[in-house]
Amino acid sequence: MKLYFMKQAALDNLKVNLPTACQNYFTEDNSGWIKEFCNDEKPFEEYKTVADFELATEGDEGKIDFENCKILYQNLKFLTEVQASDERFWAGLTHSEFYNFVRVRYNYNSGEIKKESVASIQRNFFFHEGTKVGNITNALAKCWWMARLLYDEKNSNPFWKLDALGAAAFTSKIYRILRLSFSANPTILSGIVKFFAQFPNLAREDWTAALQHLNKIGGNVILDYLSEDEIAKILIDYTHKFTAKVEFGDVVETISLLDSKINKFFAGSYKVYTTAKDKKIGETFAYNGKNYKITDIIRSNINGGSNL
Amino acid sequence: MKMNNRTFNYPVLASGRDDYKNCAFEADYNFRQTAAAIIFNFDFDTDCPEIKNLIARGEAEYVVHFESAATIFRKILKSARAEISTEISLSRVKSVLEIVAAIVLKNDVENFYCKDWSEDFSGLKFNLTKGNVLAYKTLPSLKIPDNPDNFAGNESIFTVCRAVLEETNFEVDFEGEKIKITLGGAEYDFFVGANENLELQPVVNSLVILPALIYVLEELQAEGAVEDYQYKDWFLSLKHNYGADFVDDLKNKDLFELAQELINLPMARAFESLQKIYGEDEE
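Those protein sequence lines, which keep their order, are chains A and B. Residue numbers 1 to 308, in this note's numbering, belong to the letters of the first sequence in order. Residue numbers 1 to 283, in this note's numbering, belong to the letters of the second sequence in order.
These aren't lab readings, by the way, just hints derived from the structure by calculation. All clues stand as given, with none of them false.
Once the Cα atoms are required to be at most 27 Å apart in a straight line, the calculated DSS-like pairs of lysine-lysine come out as: (1) K251(B) with K180(B); (2) K239(B) with K180(B); (3) K216(A) with K78(B); (4) K75(B) with K132(A); (5) K194(A) with K106(B); (6) K52(B) with K2(B); (7) K178(B) with K2(A); (8) K233(A) with K75(B); (9) K77(A) with K276(B).
Listing some non-contacts, in silico: residues in chain B with all C-beta distances to chain A over 10 Å: (10) R17; (11) T86; (12) F112; (13) N127; (14) L142; (15) G176; (16) V226; (17) D249; (18) F271.
Glycine residues also receive a C-beta, built at the ideal position from the N, C-alpha and C atoms.
Can you make the complete structure from the sequences, with help from the hints?
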């Protein structure tokens, strides 16, 4: 497979004229139209030849992105960070070998042009809002970067950190984790992975809250100074503590919770943790042969915990 | 890492803050750029006895924090010494490299106080934790110009050719715009094959490119040679990549070391590659 980067002139031309060019992304299943759009000037420059590879297309969006982190990084590991933060490379790849992949992944093949389509195409095929954001939003660049930051070449499974992060809500994880500037530090990122490994089923709002808490701690502490375990502990402790705030009714005795970690934390407490989001105030329920009445719900929390 | 707008819940020694009355924290750096890296030297100084005491007791240390947002790069450098050096690869950073110097607590410290604190903190003591910033200085960011030839790495200043004459096995010619290396047929075939293997490239560079470059650098030491070749593309490229000191270092520096820097330390990378290949074979 030949890798091409897009010439700066072609890139500028396409981006400036994207409102006009936008239609082509929806209707054309190969990128041959770009040459014509660039007045027959050669829009690409050959960079190098690599072994052929294909991107994953099966599963939900998270699963596709998760698998493609591994595939892209495995095959493009030779890129330096400076090259990988160059819009011309990713614009080249999204407009040549993987043009149709990006179209299908983001439903341009079956969708209709909307008001936000130009921004969406700019985000997925190019770098939108500069290099820093472009690295984590371009359809292919974001996968390469996530894998690059989590790759452990010393491990027999160099993608074990990606595996620990898990495919669930992966697309959201990429964006929310990488937009925090401290994630650029591999030690901090490894601490975050450790946290996710401890709570594999944590709801999105809960890991988002934990990351926000870490960000807040970073106001007084240089997070880069802390170890992987110390970073993980901040996130884990917060999540435990956060869970403690959850009140689920006027429960008068300790209930054995299914999650042993949470159970330990709650020993002696009368508060209950649940994922039962359909419960309402005033409702009663039976648990372990006793009846409880819900008097208040602040919020339900972690998925996969006790099933009341 | 932006420090200036942060709100700390304890006194911090920094220019522009009035938590301390008279004490100061100074930090400065100089740098030089090689073909492959930026080499930094940092100096720190503080006249705050309480903070100096923490450093002396091993409870705090000097820290430099680097950040290049465009390449998702963050690095931290720690030292108890007031003078430290480090090197950052040019393949890791671009556009702007933000640099902050600080003094940071290595351990939790109880009842920290300083006689120089302003009235607001007078008589107070603070329990601080590992990672708390005691002092900081935002240093001038380093601008790293974007390289439009980012993907032109293959446009080498070297060109390798197959010898027409059977008896030739290694010749270097630098009269043209590129440094031309001529190899014997068998060596050339091996070079071409190995050069397509990413892991073998550093090994091949050490065997072929490095000695050729050392030879050229030796020739450049001859009187008048720099003037003769200074406008050749390969000379301009070497000078551009190395920096303004190229001609001076050509006269004063060990040529093996200079050649290594000019082509991104191929020996070290060759050994890394061989270790990797050897390790894989063993498994």
